[in-house]
Amino acid sequence: SAVISQKPSRDICQRGTSLTIQCQVDSQVTMMFWYRQQPGQSLTLIATANQGSEATYESGFVIDKFPISRPNLTFSTLTVSNMSPEDSSIYLCSATGWDTIYFGEGSWLTVV
Amino acid sequence: QKEVEQNSGPLSVPEGAIASLNCTYSDRVSQSFFWYRQYSGKSPELIMSIYSNGDKEDGRFTAQLNKASQYVSLLIRDSQPSDSATYLCAVKGSANTNAGKSTFGDGTTLTVKP
Chain A
1 SAVISQKPSR DICQRGTSLT IQCQVDSQVT MMFWYRQQPG QSLTLIATAN QGSEATYESG
61 FVIDKFPISR PNLTFSTLTV SNMSPEDSSI YLCSATGWDT IYFGEGSWLT VV
Chain U
1 QKEVEQNSGP LSVPEGAIAS LNCTYSDRVS QSFFWYRQYS GKSPELIMSI YSNGDKEDGR
61 FTAQLNKASQ YVSLLIRDSQ PSDSATYLCA VKGSANTNAG KSTFGDGTTL TVKP
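Listed in order, the protein sequences are those of chains A and U.
Oh and the first sequence: position 70 is 70 in the working numbering, straight run, nothing missing.
Oh and the second sequence: position 4 is 4 in the working numbering, straight run, nothing missing.
In case anyone wonders, no lab produced these hints; they're calculated from the structure.
Be a bit skeptical, because a hint or two may be false.
What the hints assert, rightly or not - Under the rule of at most 25 Å between Cα atoms (straight-line distance), these lysine-lysine pairs were calculated in the DSS-like manner:
id : chain 1 : residue 1 : chain 2 : residue 2
1  : U       : Lys101    : U       : Lys56
2  : U       : Lys101    : U       : Lys2
3  : U       : Lys42     : U       : Lys67
4  : A       : Lys7      : A       : Lys65
5  : U       : Lys56     : A       : Lys7
6  : U       : Lys67     : U       : Lys56
7  : U       : Lys67     : U       : Lys113
8  : U       : Lys67     : A       : Lys7
9  : U       : Lys67     : A       : Lys65
To be verified - Derived Cβ-Cβ restraints for the label pairs, each shown as a range:
id : chain 1 : residue 1 : chain 2 : residue 2 : range
10 : A       : Ser53     : U       : Gly9      : 36 to 42 Å
11 : A       : Pro8      : U       : Pro10     : 43 to 49 Å
12 : U       : Asp55     : A       : Ser5      : 43 to 49 Å
To be verified - Every beta carbon over 10 Å from chain U, so not counted as near; a handful from chain A, in silico:
id : residue
13 : Arg15
14 : Thr30
15 : Phe33
16 : Gln41
17 : Ser84
18 : Glu86
19 : Glu105
20 : Leu109
Predicted model, so just to flag it, every value in this text is computed and none were measured.
Virtual Cβ for every residue (Gly too), placed ideally from N, Cα, C.
Please work from the sequences and hints to get the whole structure.
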């Protein structure tokens, strides 16, 4: 199994600012993903974090708003840029090992 | 049609009863299927994974998969109040088919009443 550490776990952010979330996995994993879960909703995939190259974004998500890095197999960052209240959400880092999906504990962002 | 659909909730069962959660998926080449439990304010935690047709049992939980019907279910026997949570069905393709991505259903909220 893999343990995923995310930080910050929670933050209150001012409108118009940007915040970077870090995700560290304790073992090598094949794929890393970033999800968003808005209040009362299910998980929505933002992008696949690709090692050493640009992330692959899902429809409705763009690099300018959600830049993602993955410099090595076990670490990734997601930046939420120019935040608005609509970005208030849980952001979850996910990784897949041998066909199992692991989640970090999430980063709870509130934009005021 | 959603890629992964779960039976609409909320679902309420008395303590000790069997809770049945259902999920259908649209992508026939899906290979891996997961059930997650999510308590309010927490991230999802894996309960069961299933990859081949049939039943898979783990304690009070049984996952059932029928690829021909594109259907996966989760049974919780002897339901406890601590089982009250939202249950998410997830379907994962292979790296060659869907870039290894997973799709989640909207979740079914279960309440077990003492």
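Status of the hints after comparison with the structure:
1. Lys101(U) with Lys56(U): Cα-Cα ~23 Å, so holds.
2. Lys101(U) with Lys2(U): 15 Å, holds
3. Lys42(U) with Lys67(U): Not OK: Lys42(U) and Lys67(U) at ~31 Å, beyond 25 Å, violated.
4. Lys7(A) with Lys65(A): Measuring from Cα to Cα gives roughly 19 Å; hence the hint holds.
5. Lys56(U) with Lys7(A): 35 Å, violated
6. Lys67(U) with Lys56(U): 14 Å, holds
7. Lys67(U) with Lys113(U): 33 Å, violated
8. Lys67(U) with Lys7(A): Given pair Lys67(U), Lys7(A) is violated - Cα atoms ~38 Å apart, limit 25 Å.
9. Lys67(U) with Lys65(A): At roughly 38 Å apart (the allowed maximum being 25 Å), Lys65(A) and Lys67(U) break the hint.
10. Ser53(A) with Gly9(U): 36 to 42 Å: 40 Å, holds
11. Pro8(A) with Pro10(U): 43 to 49 Å: With Cβ atoms ~31 Å apart, the hint is violated.
12. Asp55(U) with Ser5(A): 43 to 49 Å: At 35 Å between Cβs, range violated.
13. Arg15: 24 Å, holds
14. Thr30: At about 7 Å from chain U, Thr30(A) fails to clear the 10 Å cut-off, so the statement is violated.
15. Phe33: 7 Å, violated
16. Gln41: 8 Å, violated
17. Ser84: 23 Å, holds
18. Glu86: 20 Å, holds
19. Glu105: 5 Å, violated
20. Leu109: Non-interface label on Leu109(A) holds, nearest chain U Cβ at 14 Å vs cutoff 10 Å.
In the structure shown, a violation is registered for the earlier hints numbered 3, 5, 7, 8, 9, 11, 12, 14, 15, 16, 19, in ascending order.
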